[in-house]
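Chemist: Start counting the sequence shown at 1; every next residue gets the next number (the numbering used here).
For the record, the hints were derived by calculation from the structure and aren't laboratory data. This structure is a prediction, so every number in the text was calculated from the model and none was measured. No residue lacks a Cβ here, since even glycine has one placed at the ideal position from N, Cα and C. Each hint should be verified, as a subset may be incorrect.
[Said to hold, decoys possible] Keeping only pairs whose Cα atoms sit at most 20 Å apart, straight-line, the calculated EDC-like set for lysine to aspartate or glutamate is:
{"hint": "1", "residue 1": "Lys27", "residue 2": "Asp68"}
{"hint": "2", "residue 1": "Lys114", "residue 2": "Asp96"}
{"hint": "3", "residue 1": "Lys142", "residue 2": "Glu78"}
{"hint": "4", "residue 1": "Lys143", "residue 2": "Asp96"}
{"hint": "5", "residue 1": "Lys128", "residue 2": "Glu78"}
[Stated by the list, open to error] Label-pair ranges, simulated between beta-carbon atoms:
{"hint": "6", "residue 1": "Cys108", "residue 2": "Ile132", "range": "34 to 42 Å"}
{"hint": "7", "residue 1": "Cys2", "residue 2": "Ser65", "range": "53 to 61 Å"}
{"hint": "8", "residue 1": "Ile35", "residue 2": "Gln75", "range": "25 to 33 Å"}
{"hint": "9", "residue 1": "Val70", "residue 2": "Leu30", "range": "19 to 27 Å"}
{"hint": "10", "residue 1": "His137", "residue 2": "Asp61", "range": "47 to 55 Å"}
{"hint": "11", "residue 1": "Thr23", "residue 2": "Tyr62", "range": "27 to 35 Å"}
{"hint": "12", "residue 1": "Trp9", "residue 2": "Ser139", "range": "51 to 59 Å"}
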Amino acid sequence: MCAATNLKWPDALPLVLISMRNTPDRKTGLSPHEILMGRAMRSPAMPANALVNIADDMVLDYCKSLADVVHSFSQHVEATALPPIHDPGHNLRAGDWVGIRKQVRKTCLYPHWKGPYQVVLTTTTAVKCAGIPNWIHTSHTKKVACPLDHEEALLRVPSTVRQISGPEREQRGTETGSDLVEDGSVTPVRDEGGDL
Numbered sequence: 001m002c003a004a005t006n007l008k009w010p011d012a013l014p015l016v017l018i019s020m021r022n023t024p025d026r027k028t029g030l031s032p033h034e035i036l037m038g039r040a041m042r043s044p045a046m047p048a049n050a051l052v053n054i055a056d057d058m059v060l061d062y063c064k065s066l067a068d069v070v071h072s073f074s075q076h077v078e079a080t081a082l083p084p085i086h087d088p089g090h091n092l093r094a095g096d097w098v099g100i101r102k103q104v105r106k107t108c109l110y111p112h113w114k115g116p117y118q119v120v121l122t123t124t125t126a127v128k129c130a131g132i133p134n135w136i137h138t139s140h141t142k143k144v145a146c147p148l149d150h151e152e153a154l155l156r157v158p159s160t161v162r163q164i165s166g167p168e169r170e171q172r173g174t175e176t177g178s179d180l181v182e183d184g185s186v187t188p189v190r191d192e193g194g195d196l
């Protein structure tokens, strides 16, 4: 092909591929394109309506019966298809209280759930809770009863714990390993700029 057309092989490759796909097989009398597509390959010189005259009657009958079978299967699938589901998949709404599954626990004696957290936003698969920056998948949540004192639940600081700082912290040193002491009050810590 390259010698006959004086083309380089990358330029002659599309012509060779078209020739291979249009060459009929000796046994079947059909080209690879006719076997795959059910019709002869179109060429720029061939009008679209001439393809029907070229195609073999057996191939046309096969294609028509194949189209009928596909159509009947399509009708069957449409008839048995379920209506689209608009159910969110969970019963959580904004304002509900949920517990969130702990992914890692120190031992099996620690609780499985943390919270309660109040749901702020919902989608079909996730919820956004107050106090948590990330969305939580609904499979990791469990609806719980509204806490009696929901302000305390949002703060996540027990009333018997306060944070110590300044001289009291230096005085305690690192004996306890914690900045929390139990005395029934919470004292905010000021940063260097004086803001809370």
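Chemist: Hint by hint, say whether it matches the structure.
Modeler: Each hint, compared with the structure:
| no. | hint | verdict |
| --- | --- | --- |
| 1 | Lys27 - Asp68 | violated, 28 Å |
| 2 | Lys114 - Asp96 | holds, 15 Å |
| 3 | Lys142 - Glu78 | violated, 37 Å |
| 4 | Lys143 - Asp96 | holds, 7 Å |
| 5 | Lys128 - Glu78 | violated, 37 Å |
| 6 | Cys108 - Ile132: 34 to 42 Å | violated, 24 Å |
| 7 | Cys2 - Ser65: 53 to 61 Å | violated, 43 Å |
| 8 | Ile35 - Gln75: 25 to 33 Å | holds, 28 Å |
| 9 | Val70 - Leu30: 19 to 27 Å | holds, 21 Å |
| 10 | His137 - Asp61: 47 to 55 Å | holds, 54 Å |
| 11 | Thr23 - Tyr62: 27 to 35 Å | violated, 21 Å |
| 12 | Trp9 - Ser139: 51 to 59 Å | holds, 58 Å |
Violated hints, listed in ascending order, are 1, 3, 5, 6, 7 and 11; each of the other numbered hints is respected by the structure.
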